[in-house]
Amino acid sequence: MPPYDARGEENGRKRHRAVLIGVEHYTGTRNDLPAVATNLRLMREALTAERTGVLGPDDLFVIPADGDLAGGGPPGGGPPGGGSTGGHTTGGSIDGSDMDSSGTAGGDTSGGTQGADMGSGPKGGTPKGPAPAPAVDPLRVRAALAAARRDVTGLLVVYFAGHGIVRPDGSDLNLMFTDSRVTRDRHHPFVDTLSWRDDVMPELRNSRADWVVVILDCCFAGNALRAFSPAAGQNFALLTAAEPGVEIPPGDPRTGTEFTAALHRLLTTGEEEPVTFTRTVAGIRRAMAPLKAVDGHPWIPDELRHGDDVVLAHPVDAEPPPPPSPTLEEGAPSAVTTRWPRSSAQALPRRLLAALAHRLTRTTAVALAGVVALAAAGAWYLLGAPSGGDCASPLELRVLTDPDLKSTVQKAADAYPKRDGDGCRTVGVNVYDAKATDAVTALRSSSLWQEPPATCPASGDCPRPQRDVGAQPDIWIPAAGSAWQRATAGGAGGGNASSVTGSGKPGADAGRSVVDLDRLGSVAYTPMVLGVPDTMALAQSLQTDDPLGTIVTALEAGQPVEILRPDPEDTEGALLATDALYASSGSGRASTVEQGMAQALRPMPSTARELMCVLADGAHNDLEDRAAVLVPEQTLAQFNLSAGEPGRPGCASEALAHRVAHYPSDVPMLDLPFVRVTWAGADRDADARTAAVEDFYEWLATDPDAQKCFTDDGFRGVGEKGGPAAPADDSVLRSEDNTTAVREQIPVTGPDADASASLSDTLSRYRGALGPGRVLYLLDNSTSMADKRVWDGTGGAKELVARSMTSLGAGDSYGVRMAAVAEGKPATDLVPFGPNTRAGAQKAVAGAGTAAFDARIAAGLDAALGTLRGEATGAEQPRLLVLVTDGEDFEAVAEKEQKRLVAEAGKTPLVRIVTVSLQDGACTPGRFGERLADASGGRCLDPADDIAAELAAEVARTGTGDAE
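First residue of the sequence shown? That's 37 in the working numbering, and the numbers climb one at a time after it.
Keep in mind the hints are simulated off the structure, nothing from the lab.
All C-beta atoms, glycine included, are put in the ideal place defined by N, C-alpha and C.
Accuracy of the hints is not assured; some may be wrong.
Calculated cross-link-like contacts (lysine to any residue; reagent style SDA-like; alpha-carbon spacing at most 25 Å) [said to hold, decoys possible]: (1) Lys454 <-> Arg244; (2) Lys879 <-> Ala989; (3) Lys943 <-> Lys879; (4) Lys744 <-> Gly686; (5) Lys447 <-> Lys879; (6) Lys879 <-> Asp205; (7) Lys447 <-> Cys649; (8) Lys943 <-> Ala884; (9) Lys328 <-> Leu340; (10) Lys861 <-> Ser820; (11) Lys744 <-> Ile782; (12) Lys447 <-> Gln270; (13) Lys50 <-> Pro310; (14) Lys879 <-> Gly831; (15) Lys50 <-> Pro280; (16) Lys447 <-> Asp205; (17) Lys447 <-> Leu556; (18) Lys757 <-> Asp702; (19) Lys943 <-> Asp956; (20) Lys757 <-> Ala988; (21) Lys935 <-> Ala895; (22) Lys932 <-> Gly902; (23) Lys447 <-> Gly831; (24) Lys744 <-> Pro760; (25) Lys447 <-> Lys824; (26) Lys328 <-> Pro280; (27) Lys861 <-> Asp823; (28) Lys861 <-> Gly831; (29) Lys50 <-> Ser443; (30) Lys744 <-> Ala727; (31) Lys744 <-> Val463; (32) Lys454 <-> Ser794; (33) Lys824 <-> Ala988.
Cβ pair distances, simulated, as ranges [as the list claims (entries may be wrong)]: (34) Asp653 <-> Arg555: 33 to 41 Å; (35) Gly594 <-> Asp956: 19 to 27 Å; (36) Asp331 <-> Arg455: 53 to 61 Å; (37) Gly281 <-> Ala764: 45 to 53 Å; (38) Arg321 <-> Ala984: 28 to 36 Å; (39) Gly831 <-> Leu659: 25 to 33 Å; (40) Pro326 <-> Asp956: 55 to 63 Å.
With the hints as constraints, model all of the structure from the sequences given.
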């Protein structure tokens, strides 16, 4: 198949767009990047050059626009600008920065304290100067991406140049903007950024464009490849400036960054044949090969592509595209070649009259106006009636939904047929998602949308709805009614500062309620299920009517199994499943459940679909065959489909076992309630908005086309009496692949009269199980460590301990003990156990020396376990004991003592033991280190492992320092 060409004859009337984002100026401690301004100029030239460009000047949408001022405009960024003319919008307002029914303007850009820098890029930059460049706001960028998703039907190019940042484990690339900063809040470490995984990729995945091409020129750009997840059948290409984990230099203000400058040369100097994406990849790698990235790393641009190929530039000897604006005397523009916007033609009479009015007499002006009007009528006849960009701005409805539902709700919103007689859309529906817990917290404290707190504590742990959720919604479609219960606990409008039932943590509901949350009814249903590989032994009688604990116990009795579910902070379904899981595990065992899951898979994916995609990649030591997953039935049914079947997710693979759904009786069904959100004081278009919301609900719940959007994705529709309908013959649930996997008739389970208190407790237990942690290092500092050259230097004991401390935060308690002491003496404190500063602890470790004694391993383990289990700490609080040794004194512990210590390691409260042996073979089955790990749910690491990375990951499971 020939590569897609936006200038091709068949694509002449399609809407194309390039969204070019460049962040030159940064507040706080990050350096400015003056080369970015040159980058934007280079990309404009490359995409719109007369002969080689694939787009026209009117197709560009540039942020910041040329007319922007640093820090100017409304907080939300004002109307997005683009190109040299300062703006390009289609279909009305796209950023929601104007005062609307939500009763507020723009976004939340109020600041807080600047967190510690985790690394960003392009690396370095220029210190602050007296004339800052225009400010760039993430809300403005997100609105531009949402508009492009809705409007573009041809080629969509998205380019970003600026700083990038990731978590310590390399996950969750965030694009940074002018006021972005880092906090110590482990759940929201990055403020005023856009997550590639959670914000950008989901938006672009739902684009209507024929082709999406994304180019990232920032540090850690390659880390975006980990979360590259196009929709099934979507044409999508991602080009990154470097490989994962690589930082890049800031570039030269005169010539731009090295990567973008090389890209510009490739796109503007091609000869003989078009420059496609695949040719661009090969060419940019050749161009960058002689250069080095930061720290001398080889500079290798990376890419992923889903689809055939796409033309990014034409050869220099190609025929130039037709003129964009032919005159009326030359004839109407052809349907094939024109790039002439209809609005330009229709504006021609107005421009002529405005330009000549001051020279004309009244009589002449009237005559000329008549001639021009006739010309305009002729243009109307030749070009057709107004459509597309000439429609009035539709009433915009904002729909907030659960991450598990986003793609299906988006599909339904795109199909909503609310148009007038001219074919213009009268109601636009903008769908976005947020973590379930963030949505509940924001709606309980809804006044903070309009009046955000002036400052945040240093931890960054304060609710900011604009940051955590997005724009103020008109409609909320959570996954289950339990979310609505939590949001309205204490009153129909939500909570207040004194309530903790909604969010699960004191102080989160810091505002007051200024909304009414009216539950109109359900738009679809899907039960939560435990998806069990059909290769596992489990009685069929347990498929329905039994609680989750009974099913799991029977499953574990038959074979080794890992129980997995997505992060309960992210989706309501995962929270409901976690509630039942904890109830079956008993008091004080949430940490056991969570540490067991983290041992099998970390980090835990955010949604059910992401969890299944991770298992489907087959890269987790056969976990896909051992994992029973708590996911919505519709997700399981989709992943059960055979290759080539409509509805099968693009990431599904044959590596993923077919799974049978078991329906726990104590996990409520997801009933997808449609909630109307009415804001106090939002009176400007209240009647029209209320009517539009109700019409959208009636359409979703009753229209066959709307219901098919849900049933095609494996949901159960709404029956005549409002409950779940039986699957139709063409439903995914009735497919041959799911004949034995799902039940057509299932018991309808639902939450208690008020499940908010139980779910709040579950959230508290979950957060407690994740930290703050208690970590104690027991370090073998006997002279044999120095003799074997495993004490100092790279990969030595001291460096391993110091490096792993990067995952420890200010809220954690930790310490370091030295095990080499005289016989009968206790291990000595190098870093006393308790709250510490990381820098001070690392300095103490770096300066530690060896001692001329044997390491007292048994006594040290006993004392360390006592310390970690002591004091009145929560039963769910994670505890970790790290033993670092060369193996000599460790293996010398008598067998009887080993058995006693292994038994002690299995007691509660649970303390995970990670043994780091710097001697080969120390972690083979049956050895002391492996037995301690088995008893405690810990690990044994030896030189066969990547000790530095694995130890850091183990400490990260217990510590809370990821965001520092």
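If you test the structure against every hint from before, which numbers come out violated?
3, 5, 8, 15, 16, 19, 20, 23, 25, 28, 32, 35 and 40
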